[in-house]
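Undergrad: Protein chains in written order, with the working numbering: chain A, 1 to 416; chain B, 417 to 832.
Treat the hints loosely; a few may be bogus.
[Claimed, not checked] Chain A stretches covered by chain B per the calculated footprint, using a threshold of three residues with CB under 8 Å from any CB of chain B:
| hint | region |
| --- | --- |
| 1 | 14 to 24 |
| 2 | 100 to 110 |
| 3 | 146 to 154 |
| 4 | 328 to 341 |
| 5 | 361 to 373 |
| 6 | 379 to 391 |
[Claimed, not checked] Residues from chain B shown here face chain A by an in silico Cβ test under 7 Å; the list is partial:
| hint | residue |
| --- | --- |
| 7 | T459 |
| 8 | T592 |
| 9 | R745 |
| 10 | G795 |
| 11 | D810 |
It is worth saying that the hints were derived from the structure and are not from the lab.
Where is the CB? At the ideal position from N, CA and C, for every residue including glycine.
2 protein chains.
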Amino acid sequence: MHVDGLSEERIDHRFKGLPPDAEGLTVGELAAERRSIFDGGFTTPVLALSAPALEHNLAQLEEYCAKHGLAFAPHGKTSMAPQLFARQLAHGCWGITAATAGHVRVYRAFGVQRIFLANELVDAAALRWLSDELAADPDFRFVAYVDSVRGVELMDAALTHRVDVVVELGAPGARTGVRDEAVAHQVAEAVAAARHLRLVGVAGYEGELPVKTEETVTAWLRQLVALARELDARGRFAEADEIVLSAGGSAWFDSVAQVFDAVDADDFSRPVFKLLRSGAYVTHDDGHYRRSTPFHERVAGSLRPAFRLWAQVVSQPEPGLAVLNAGKRDVPYDLGLPVPQVVRTLSGAERAAAGMRVVKLADQHAFVELDEGAGVEVGDWVGLGLSHPCTTFDKWQLIPLVAEDGTVVDFVRTFF
Amino acid sequence: MHVDGLSEERIDHRFKGLPPDAEGLTVGELAAERRSIFDGGFTTPVLALSAPALEHNLAQLEEYCAKHGLAFAPHGKTSMAPQLFARQLAHGCWGITAATAGHVRVYRAFGVQRIFLANELVDAAALRWLSDELAADPDFRFVAYVDSVRGVELMDAALTHRVDVVVELGAPGARTGVRDEAVAHQVAEAVAAARHLRLVGVAGYEGELPVKTEETVTAWLRQLVALARELDARGRFAEADEIVLSAGGSAWFDSVAQVFDAVDADDFSRPVFKLLRSGAYVTHDDGHYRRSTPFHERVAGSLRPAFRLWAQVVSQPEPGLAVLNAGKRDVPYDLGLPVPQVVRTLSGAERAAAGMRVVKLADQHAFVELDEGAGVEVGDWVGLGLSHPCTTFDKWQLIPLVAEDGTVVDFVRTFF
Chain A
1 MHVDGLSEER
11 IDHRFKGLPP
21 DAEGLTVGEL
31 AAERRSIFDG
41 GFTTPVLALS
51 APALEHNLAQ
61 LEEYCAKHGL
71 AFAPHGKTSM
81 APQLFARQLA
91 HGCWGITAAT
101 AGHVRVYRAF
111 GVQRIFLANE
121 LVDAAALRWL
131 SDELAADPDF
141 RFVAYVDSVR
151 GVELMDAALT
161 HRVDVVVELG
171 APGARTGVRD
181 EAVAHQVAEA
191 VAAARHLRLV
201 GVAGYEGELP
211 VKTEETVTAW
221 LRQLVALARE
231 LDARGRFAEA
241 DEIVLSAGGS
251 AWFDSVAQVF
261 DAVDADDFSR
271 PVFKLLRSGA
281 YVTHDDGHYR
291 RSTPFHERVA
301 GSLRPAFRLW
311 AQVVSQPEPG
321 LAVLNAGKRD
331 VPYDLGLPVP
341 QVVRTLSGAE
351 RAAAGMRVVK
361 LADQHAFVEL
371 DEGAGVEVGD
381 WVGLGLSHPC
391 TTFDKWQLIP
401 LVAEDGTVVD
411 FVRTFF
Chain B
417 MHVDGLSEER
427 IDHRFKGLPP
437 DAEGLTVGEL
447 AAERRSIFDG
457 GFTTPVLALS
467 APALEHNLAQ
477 LEEYCAKHGL
487 AFAPHGKTSM
497 APQLFARQLA
507 HGCWGITAAT
517 AGHVRVYRAF
527 GVQRIFLANE
537 LVDAAALRWL
547 SDELAADPDF
557 RFVAYVDSVR
567 GVELMDAALT
577 HRVDVVVELG
587 APGARTGVRD
597 EAVAHQVAEA
607 VAAARHLRLV
617 GVAGYEGELP
627 VKTEETVTAW
637 LRQLVALARE
647 LDARGRFAEA
657 DEIVLSAGGS
667 AWFDSVAQVF
677 DAVDADDFSR
687 PVFKLLRSGA
697 YVTHDDGHYR
707 RSTPFHERVA
717 GSLRPAFRLW
727 AQVVSQPEPG
737 LAVLNAGKRD
747 VPYDLGLPVP
757 QVVRTLSGAE
767 RAAAGMRVVK
777 LADQHAFVEL
787 DEGAGVEVGD
797 WVGLGLSHPC
807 TTFDKWQLIP
817 LVAEDGTVVD
827 FVRTFF
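Only chain A is shown next, with the shape it has when bound in the complex (with noise of 0.2 Å):
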């Protein structure tokens, strides 16, 4: 990957929460000035990465993956910054995961080489862009879904280069993916039929099933493993080097872990190429993935939420209220709003956010709930928790890194 680039772009009014007074540095330049967050002209709201929590994160699925023999692909749609792909690739993935043919042009843009779109794409204009990258390149190593003989025939009518794909597998209430093995066997035959496209292996993704338990989840990846076999035994692998089975967010790894595990290789004519997705590991959360992550609980690991988001009280109009400076623009809220976690004074005092709650979100506001005693005051930075990596990372484009006491040691750059 070429990401270097990216330290040369100028620093501006594109990119919020950044100094004013670094306006017109690189990016490199002003991470080489080893600002602190607090007090190096960083303007609220301002989004903090925090970096050994990130590189531990890295660390963990790396370990994890290595441990049970899973190649790994994450999920960038999480963060679509490539500088996190990088590191994701020096930490051992296989290759990068993506929703849209947009995301899959930004990834060639900076050279990621393997990349699994977990998705149907039958856009015909994006299909004869990926159809020159393909012909272009010959290194460049792309998986896409299918899950209809229809979507089959639009993307071959349109392909103008072979393209390697896995019948999507869902489930009843759930969202794209085939419902049953009769629609798979159908689907695997168009693909046969098609000029462009190879079939390679089955896929999905556990995290769309309607009830999501241990027993539910991996009775579905069974299902998985089983329509794989059965597609293998009917030859719908004849031209596949190596038969891939792919599953997994963030939440359910260890199932797929462990289903994956006990794939027998006798059972397949070609190797068995098993391939997790997790993205929002990356920098997991204070919320939603706090809660659903297998690891501390089921399985041994561990994640750190990595995102901080320091707003400023900018109001306290009535007793019981704090008003701050972040909004819907700057913070998730699609699976619960941001929670204070500390109070930072203008003399650089530090203590816990204790009775304060954000209750409600405006563009460009939040509203925090105090109780009696809660001692905030205008001017105070207040450290907020979030929950959703995704629904974070877009909204900010430039996002500081930074180390334990707070100094930016680099920016991140997101393309959403």
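With chain A fixed as given, assemble chain B onto it according to the hints.
TA: Same frame as chain A, now just chain B:
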């Protein structure tokens, strides 16, 4: 304003939905090609901004403000699009309203000369930048809210150049802003004692009243006028050239016009400057603002929803369900879900979207419930009506501006 440079920007992977085969063209060059949004190589999902609807809306508020003697500083946080600010100013607007110091930086980067910051600003780094900006340009007119003595003191301590402020009037249970006259007078006294602040009026936002009816909004607006009169009687505007009265989002501008119309200039020691700040009107919408605009029903005038999001059906995995390739990253979901309006088949035939409802969004997918016989196919484009302009604009960095027939005539750049 200087926005012409935006047409020199290069089309690339940063801008989702734009034609992959336009990579490397400038925005101006691509606009000059007059491509169709439907078969010009744009990829789904893609947001379309209607050029005629936009022009209609710009003209409607211009006319309304002229008729009612209101100056207009539309809230720029809605679009964060300098090209739209330039058009708003060309349509007679006095200036542009901002919500954060970051907004003010973007506005200044493109040469907005009059900015109303409808928020408290106590961030020292931002206030230092603001001081420098005011010192460097004597023609830069800036006004901000104050609502607490402490806020005034923090501003004054950080500023090195005089800043005009207005007391923000709130209401019990609302957002920021003083809750009663007593605090307003304390804040005014603090401003009088400050070295770098000058009190020039009273302002607020009726959209945050806990109960909003014509009665409560009108009563609150009258309170705002009365507060200004009382502050004036106490000599608090002694240094001001004119007295600013400002209120008004996109839902109650008729009440603002009515109450401000009734202001008797003879009651004030100086000329009264009545400033409206509606923002969402610029694109209007098919949801929240369609229901809340005073146009159509309460007063003469009309607005047209200017946004349509085109997504593609990528999967139809079970009866009654279609899945589109647009999700939380592409459409607003905080004031209602998108509504399917039209279906466009790959042959270009369009029909009303009957029997289709978006019932859920994932990060990159929309779940559409289908009535029997809805007749949707994988590959179809679905045109979605949206609710909430502010959380639409902020998901798109370069938005095609389309003529009635789908010809893309320009692109609007946003800065979030």
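Undergrad: Starting from the hint list further up, note which numbers the structure goes against and sort them upward.
TA: none
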